[in-house]
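A.B. asks: Assemble the whole structure, with the sequences as input and the hints as a guide.
Chains as they are written, first to last, in this note's numbering: chain A, 1 to 537; chain B, 538 to 830; chain C, 831 to 1146.
Calculated directly from the structure, the hints in this document are not laboratory data. Each residue gets a CB set at the ideal place from its N, CA and C atoms; glycine is no exception. Check before you lean on any hint, since a few could be wrong.
Claimed, not checked - Calculated pairs, EDC-like style, for lysine to aspartate or glutamate (alpha carbon to alpha carbon, straight line, at most 20 Å):
hint	chain 1	residue 1	chain 2	residue 2
1	C	LYS957	A	GLU55
2	A	LYS418	B	ASP552
3	A	LYS359	A	GLU316
4	A	LYS101	C	ASP1042
5	A	LYS355	A	GLU344
6	A	LYS120	A	ASP131
7	A	LYS418	B	GLU736
8	A	LYS101	C	ASP1139
9	A	LYS101	C	ASP1037
10	A	LYS101	C	GLU1041
11	A	LYS500	A	GLU197
12	A	LYS355	A	ASP366
To be verified - Which stretches of chain B does chain A cover? Using the computed rule of at least three CB atoms under 8 Å from a CB of chain A, they are:
hint	segment
13	709–719
14	724–732
Here is what each chain is made of, one letter per residue.
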Amino acid sequence: MTLLRTRGLSLSIADHPILSGLDIAVEKGEILGLIGESGSGKSMTALSIMQLLPEGGTARGVIELDGADLLQKTEREMCAIRGRDIGMVFQEPMTALDPLKTIGEQVAETVLTHTATIRKDAAALARETLDRVGLPAERFPLDRYPHELSGGQRQRVVIAMAIALRPRLLIADEPTTALDVTTQAQILVLLQRLVDEDGMGMIFITHDLAVVAGLADRVAIMRRGEIVETGETGAVFRNLHHPYTRALFAASSHVPQRQPPPVPVPDAVPVLLAENIVRDYRLPRRSLFCPVAYFRAVDGVSFRIERGENVGLVGESGSGKSTLARALMALEPLQGGAVVLDGETLNAVAGATPKARRKMQVVFQDPYGSFDPRHRVARLVTEPFHLLGAAAPSGAERQRRIGEALETVGLTAADAEKYPHEFSGGQRQRIAIARALIIRPALIILDEAVSALDVSIRAQILDLLAELSGRLQLSYLFISHDLHVVRAITDRVLVMKAGKIVESGPTDTVFQNPQHAYTRELIAAAPTLAAALAGRD
Amino acid sequence: MSIEAAPRPAASRADSYLRAALRSPNFVIGAAITIVVLVAAVASFVWTPYYYAALDIPGRLKGPSGLHWFGTDQFGRDIFSMIMVGARTSIAVALVAVGVGVGVGVPLGLAAAARRDSLLDEAIMRANDLVFAFPALLIAVLITAVFGPGAVNSIIAIGIFNIPVFARLSRGAALSLWQRDFVLAARVAGKGQVRISLEHILPNILNTLVVQATIQFALGILADAGLSYVGLGAQPPTPSWGKMLAEAQTFIASAPHVAVAPGLAIVLTVLGLNLMGDGLRDIFDPVLRRSRQ
Amino acid sequence: MSTYVLGRLLSLVLSLVAASIVIFFVVEVVPGDPAQFMLGLNAQPDTLMALRDQLGLNQPLPLRYLGWVLGMLHGDFGTSYTYRVPVSELLTARLAVSLPLAIYALALTILIAFPAGIIAAARRNSKTDVVVMSTTQLGVAVPNFWFAMLLVLVFAVGLHWFSAGGFPGWDKGGLWLGLRALTLPAIALALPQASILARVMRSALLDTLGEDYIRSARAKGLTRRQTMWRHALRNALIPVLTIVGLQFSFLLAGAIIIENVFFLPGLGRLVFQGITQRDLIVVKSVVMLLVFAVILVNFLVDLSYALIDPRLRRQR
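C.D. replies: Structure follows, in structure tokens:
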């Protein structure tokens, strides 16, 4: 009997249709990858199976777990099923655990809720489960609190809570999206191992094709609440029947067309020169009598960016790349070293002069937080005009410049009168790029600028960025944790770990022939669509 | 073929606020009550049924009637007129006290947030905590002990207590805004702390401040009533609701109506303001409303 | 844990020092010449001089301040000018009324507010919730001294269950009669505070119930009720405790007024008599004592955070 089968599953929340006519099936011991971009309804599918829908949600159809229809169950019966027969893992490990309870208590809670064991035995099972998920007793005793663990470790605890009673089905909703690439690789290995050991079925929800290609036995691709294609993973990605599947696949492996960087003129002034940058943070006092301690976030980083060159900066969380970015933007004081922008040294403490700042602009990660919600696009895009002081254009010239900037990024001049909330995520990121371009800087720092975008939009924005760099002779510092994006759009790459640059060089060289152990580890951990598919055959 | 969340249609911000306001029962009822009280207070400058200080000893302690809508007090004064005039004092005191709180507290809070963890921030936070250690009434006690009672002292006492409320509120709201990318973008555009505080931070915390101001206004009315009750507020012959209640206490057994009217006036005003504040909160933060309801 | 406690203790001491400086400044420096202030404009020069001597006004300010503080640490609050007895005696006598009243009121507040807030949050949008929200909306708007008058009207004058005021004293009347005299005052104080606290509890719980770890708990198979009791409540307690601490200061302030309604011989009436009679020594001492109580309660609340929240305890 099929472990889980849905037939005609439809969902609407307060009369908004979310899902329509879903038919999916998972067998025992099988991993089903549920793929979709934002708004596809993949998380809602998971919540429908668990019957943990938000208020106003009504599901129709049939959801059969080993033949029993879950939609017919009472809440009480569902409570018995959740945690015992179906386990669920969510996306955000940092907030998924109760901060006031120990990890032992929280894992044991699954056991105590469903079985009539005594505390001691539940604790023993919790210990065993934590060992299974890779949290051994010496370093992770049962009385640890969540705030003492990292994101990856917390996610292991969440997995432990879900599988403690060896459920028949595990639903994992984007379990690795919020994790570093190396941690993600470890969690994926863990999940695969647990599925093999317990013979349970797993629904793995994600937007990342590369991850699912290596992990899932079968895939179902969702779009706007419907399944557009489903089948065995290798077959689906080889044949690419449905146009949406084709588009998704193309976007995932998309590499923008790029011009090679201009040949550096000898003795040319580099656009950015970083010399031995040091940035320390004060740590909170451990006691009133201890001396003040410092944490070195950036430890002697040096590199240069030439005119028209696109340089990538990769690193995981805690590598110091965000701190370095803020130091380069002259938003934080330096404790050592210097930043030289187009020949002009920035003051380590006082920050940059307006004249210097004109040469550099930034595009941030969050398309929703990048703009003051109260201002119109015209005002938002012209924020950098503040740096031009008295020479800032006004009146007709200002309007012209606004229109020009918007059109350069693929929007229209009429969009200047709208508010940011009227645009989608990808369009807002275009507005952010327009804002960065409008005073024609020499360097644009892109801090995880495409990380929050859907894969198809990401491809378009990367195309735009590549085209702009070639046409306008712009240099980029492209900061990202996503190796594929960096590989697609940069000429040179810097790899950062624990405040230091451990490797640097031309992008293709570094990726094909990594020298440093950490770079090798990073590249090995990052799932590649092509490699994953090749590995299946 | 891409899917993007469909962008929302253009809507003027003021227009959508107005429509949301009219749809919120809290706001409508609260605003209606508040307006009635305000109108009564303002109208009292031009007209009251009787002159509020007119004595009529033979007609004292009469219950509500066609002649005297709320009855008369122990001196024969018309209670309804006294309540209208008393509204002036309460509203004036509470309003100015809120003004003091906002005028001093908000800049302090914004400054503290702009220079987070600096000496200025520490100093402002410690000063806040110090004021919080003194209940508003105690501050009034201290001031009155030295300067004597009066409406101005009420305002100062309640105002002083409002300052840390607004300082803490604006600091908290501002701190989270300073972390947002659009503030970073403004910093990259070379804008200084003062400019950013005024252009970006303040407009975005205005909603929170307005809601809190309504609440503090309501609390101010209650505080003023309390101070007047113990004789520390506005002095006679200016009528105030609290003083009316204090005088009514002696007659509570024989003529309860004297105490009921001023009390109800206070309750109604505060209720109206609180409802309006709740309604405003619903309007400004629909996400919160959905989770809170 | 010890770092946090030490830190809070230091904060306590500093707050007390700062508060005492403020009080000292307002009472002794602002009026100009405290002796003149106390005796009025028509004072005789020799009485003035005698009082100045008695108050130690001829000493430099810092010495006077230190003298006052050191005296307080020894339990010596000076001698009341009006009553001619040591202020500490007055304080102890009045404290015997005010402190039990405050504790009684606080207990009532929590006993009413916690269940009301929890039930309202658990049955969000139900009829129970609407009733709780409407009642508290009204309760927040009611001045406690007016409510006190109504209580007297109904329960004392009307039903004769309680007396309309006065306090028989703990030794003469015993525990029961004493509590009876404090009941109406405590209820009057508790009503508005309980209304506020119930709303805060409901709101804090609803916020907590929206957190991710609640969803994790439900995914484990816990019922809504189990999730509420085992996870949401304890987390919601943190913001609620802050409010309870703040409420203590409002309770003290309210008690000052309530004592007037019920003719209770507590600290409130003492300080008002001090104001009317310009007895700055009494005023100074009572204000200091009340502020000390507020700061102490907030310190205890801070300590309780450490008990509840493991993130505040020592890092491993």
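A.B. asks: State for each hint whether it applies.
C.D. replies: Status of the hints after comparison with the structure:
As the CA atoms of C/LYS957 and A/GLU55 are separated by approximately 17 Å, the hinted pair is consistent with the 20 Å bound. For the given pair, A/LYS418 sits about 15 Å from B/ASP552 by alpha-carbon distance, which is consistent with the 20 Å threshold. Taking the CA atoms of A/LYS359 and A/GLU316, the gap is about 28 Å. The hint is violated against a cut of 20 Å. The suggested pairing of A/LYS101 with C/ASP1042 holds, with an alpha-carbon distance near 14 Å, which does not exceed 20 Å.
The hinted pair formed by A/LYS355 and A/GLU344 meets the criterion: a straight-line CA distance of about 9 Å does not exceed 20 Å. With a C-alpha separation of about 17 Å, the suggested pairing of A/LYS120 with A/ASP131 holds against the 20 Å cut-off. A C-alpha spacing of about 19 Å is found between A/LYS418 and B/GLU736, which places the hinted pair at or below 20 Å, so the restraint holds. With a C-alpha separation of about 9 Å, the suggested pairing of A/LYS101 with C/ASP1139 holds against the 20 Å cut-off.
Distance restraint check for A/LYS101 and C/ASP1037: the Cα-Cα separation of roughly 18 Å lies within the 20 Å cut-off, and the hinted pair is therefore satisfied. Using a Cα cut-off of 20 Å, the hinted pair A/LYS101 and C/GLU1041 holds, with the two alpha carbons roughly 15 Å apart. Of the pairs offered as hints, the one joining A/LYS500 and A/GLU197 is violated, with about 40 Å between alpha carbons and a cut-off of 20 Å exceeded. For the hint linking A/LYS355 to A/ASP366, the alpha-carbon distance of about 27 Å lies beyond 20 Å, and the restraint is violated.
By the rule of at least three residues with a Cβ nearer than 8 Å to a Cβ of chain A, the coverage given for the segment 709–719 of chain B holds, with 3 such residues. Counting residues of the segment 724–732 of chain B whose C-beta lies closer than 8 Å to any C-beta of chain A gives 5; at least three are required, and the coverage claim holds.
Consistency with the previously given hints fails for numbers 3, 11, 12, ordered from lowest to highest.
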